[in-house]
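Chemist: Protein chains in written order, with my numbering: chain L, 1 to 279; chain U, 1001 to 1360.
FYI, nobody ran anything at the bench for these hints, they're computed from the structure. Accuracy of the hints is not assured; some may be wrong.
[As the list claims (entries may be wrong)] Computed Cβ-Cβ distance ranges for the label pairs, DEER-style:
1) Gln1138/U <-> Gly244/L: 50 to 56 Å
2) Leu241/L <-> Glu1270/U: 23 to 29 Å
3) Gln1328/U <-> Arg89/L: 41 to 47 Å
4) Asp92/L <-> Glu1154/U: 45 to 51 Å
5) Lys1267/U <-> Val95/L: 43 to 49 Å
6) Lys1098/U <-> Lys238/L: 20 to 26 Å
7) Ala152/L <-> Val1319/U: 39 to 45 Å
8) His151/L <-> Glu1081/U: 55 to 61 Å
9) Val95/L <-> Lys1320/U: 43 to 49 Å
10) Gln1343/U <-> Thr232/L: 29 to 35 Å
11) Asn1108/U <-> Lys238/L: 33 to 39 Å
12) Ala61/L <-> Lys1098/U: 35 to 41 Å
[Stated by the list, open to error] Anything over 10 Å on all C-beta distances counts as not near chain L; from chain U, calculated:
13) Leu1049
14) Arg1055
15) Asn1085
16) Phe1214
17) Lys1274
18) Leu1300
19) Gln1328
Ideal Cβ positions, reconstructed from N, Cα and C, are used throughout, including at glycine.
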Amino acid sequence: MATANKDQSTKRVLKRAVPDGLWIKCPGCKATVYRKEAENLQNVCPKCQYHFYVSARQRIAQVLDEGTFEEWDDHLCPTDPLKFADKKRYADRLVDEQQRTGLTDASLTGSGMIRARRVAIGVTDSAFIMGSMGSVVGEKLTRLVERATRHALPLIIVSGSGGGARMHEGILSLMQMAKVSAALSRYHEAGGLYISVLTNPTMGGVAASFASLGDLVFAEPRALIGFAGPRTIKATIKLELPEGFQTSEFLLEHGYIDRIVERGRLKNEIARAIDYCGK
Amino acid sequence: MRSPYEAAETCTAFIANPNATDLETMSSTLNGPDFEAGMLEIEAKIRELQAAGLRDESSEQQDLEQQIIDLRREWNRLTEEVYSNLSPWQIVQVARHKDRPYTKDYLNLAFEEFVELHGDKHFGDDRAMLTGFAKIDQYKVMVVGHQKGRTYKERASCNFGCAHPEGYRKAMSKMRLAEKYQMPIICFIDTPGAYPGVGAEERGQAQVIAESMFQMSQLKTPIICVVIGEGGSGGALGIGVGDRIGVLEFAYYSVISPEGCAGILWKSHEHAPKAADALRFTSKHLLELGVIDEVIEEPLGGAHRDHHKMAGRLKSYLVKTLEELKAQPVEQLLSQRYAKFRQMGVYLDGLQQDAAAATT
């Protein structure tokens, strides 16, 4: 069902990286930027280095050696176990999101080469229901970690999720946090190297599970990263939030991130870390 | 209107008097949720008649007793009716009831001893997370549990059961200690969620919850988790990875609070009852979805009506489960714990469907 419309909309998703049109407005510096120029810089603002959204497929293309990606478990599709409906039925929402993004759910997993080193890689796409983790994201990532364990592969997971655990699958989504974390715990015991890359945004249940469990945690500059949403915190403490709160730089300062890595350098940084850890 | 401090005294008296019967000790002087209005009215009448009976030793005594018996019958009938038809939103009210037994109450009533161990040896001592050695039946265990606090003062110091990173670090360090001496771990989950605040983010709220699950999944000692009230999202799951997961009948366990969900999907907190319906988080649903092992039945009218009876039931569940788990070799325990969480989730597998289609 979900795969039927996959091919036709893959093309559309590539465009979604930055808003359609020749010119785009940068949320970082408010400057008007020539779209092509930003795209040539892997969707980074040429003026202020603001990192725009990139889709999971684009990310894989940016990080892996060309043509080496072998996708795993693309036959797993989401369903609607709770028969959940808010203003829209979850079942309908899934179809719409699949058509809009060309993805079956919010993650892509597989293996490929980074500067000729074989790795297992997973990416969550913040365009699909806020990149939230439901049963499919949890299952695909768990399978990814288990395979990386079996084949002794370094593991890279690039997170982009403003949604955390997906509400529409209720408690089943919450349990995916425990499931992936348990798999990572076994991977760790087996001596595997896990590099977690945090991108804008990484929040809630995703931040509170696999995204925070890397042996090395990298983050793109100025990404929003945290547990509770800024609005929730503001409503709780009834005070203004400090400047730069919950950004990559804030987390680096407080000791939760190893390195802030600009997008253009990500591939080399990963390759170098793998070399240091002897994998 | 009674002050919260008086309310707290009522509860203490209630806990301290094990011989009192259900109806006499019911906390009906406090305002309960709407759906308990009829029940509370009958309770008030019973108390009135009892008081009258005490004043007047004479003639109409028998008649009075009969009236009380009738009222109790009526109360039982009504309570059964109300409590067997609670909506998910009403169940949330029960789970949050201010007289509901908390971790500390169970430590008093179901355990023979509790030796509190403080502090995460890192930042502080989070009062929202209670940890320490305890004895239950013949077992020496480590108890880790959220504590909401009964009085205003206590609630404020516990942040209403919302733990900070130091709470989860404290829990992790005590659990590692338990593992070292093969002491089983019992986790009581009762939190609206992990604390959302500036300090909590600065000290790594997301990271500690992740690390706690990561660690619990491999601790070489039996772990029993029981949701005794609110199972609020990551804050709950942070001490929720174990070999057995039990849930009290009127507790709930959810990916997000109904108010939070309504705020995001319906754009207003007023739609919380709708969100509560949609989220399928009551004990019955949790069992159907395969995320918990057992529902522990509550006394008629909810755990807040009879702490002793509830504690007794919880104790028998814990002792029975400890016996079961202690009999298993650790390696087997760990592989079953992994398998338990491994199978959670519902999705369609295209390959399996194709295979199924090919064979038919």
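Chemist: Hint by hint, note whether the structure agrees.
Modeler: Hint check results:
no. : hint                               : result
1   : Gln1138/U <-> Gly244/L: 50 to 56 Å : 55 Å, holds
2   : Leu241/L <-> Glu1270/U: 23 to 29 Å : 26 Å, holds
3   : Gln1328/U <-> Arg89/L: 41 to 47 Å  : 43 Å, holds
4   : Asp92/L <-> Glu1154/U: 45 to 51 Å  : 47 Å, holds
5   : Lys1267/U <-> Val95/L: 43 to 49 Å  : 23 Å, violated
6   : Lys1098/U <-> Lys238/L: 20 to 26 Å : 23 Å, holds
7   : Ala152/L <-> Val1319/U: 39 to 45 Å : 43 Å, holds
8   : His151/L <-> Glu1081/U: 55 to 61 Å : 59 Å, holds
9   : Val95/L <-> Lys1320/U: 43 to 49 Å  : 46 Å, holds
10  : Gln1343/U <-> Thr232/L: 29 to 35 Å : 32 Å, holds
11  : Asn1108/U <-> Lys238/L: 33 to 39 Å : 35 Å, holds
12  : Ala61/L <-> Lys1098/U: 35 to 41 Å  : 56 Å, violated
13  : Leu1049                            : 45 Å, holds
14  : Arg1055                            : 50 Å, holds
15  : Asn1085                            : 21 Å, holds
16  : Phe1214                            : 5 Å, violated
17  : Lys1274                            : 8 Å, violated
18  : Leu1300                            : 27 Å, holds
19  : Gln1328                            : 18 Å, holds
The structure shown violates the earlier hints numbered 5, 12, 16, 17.
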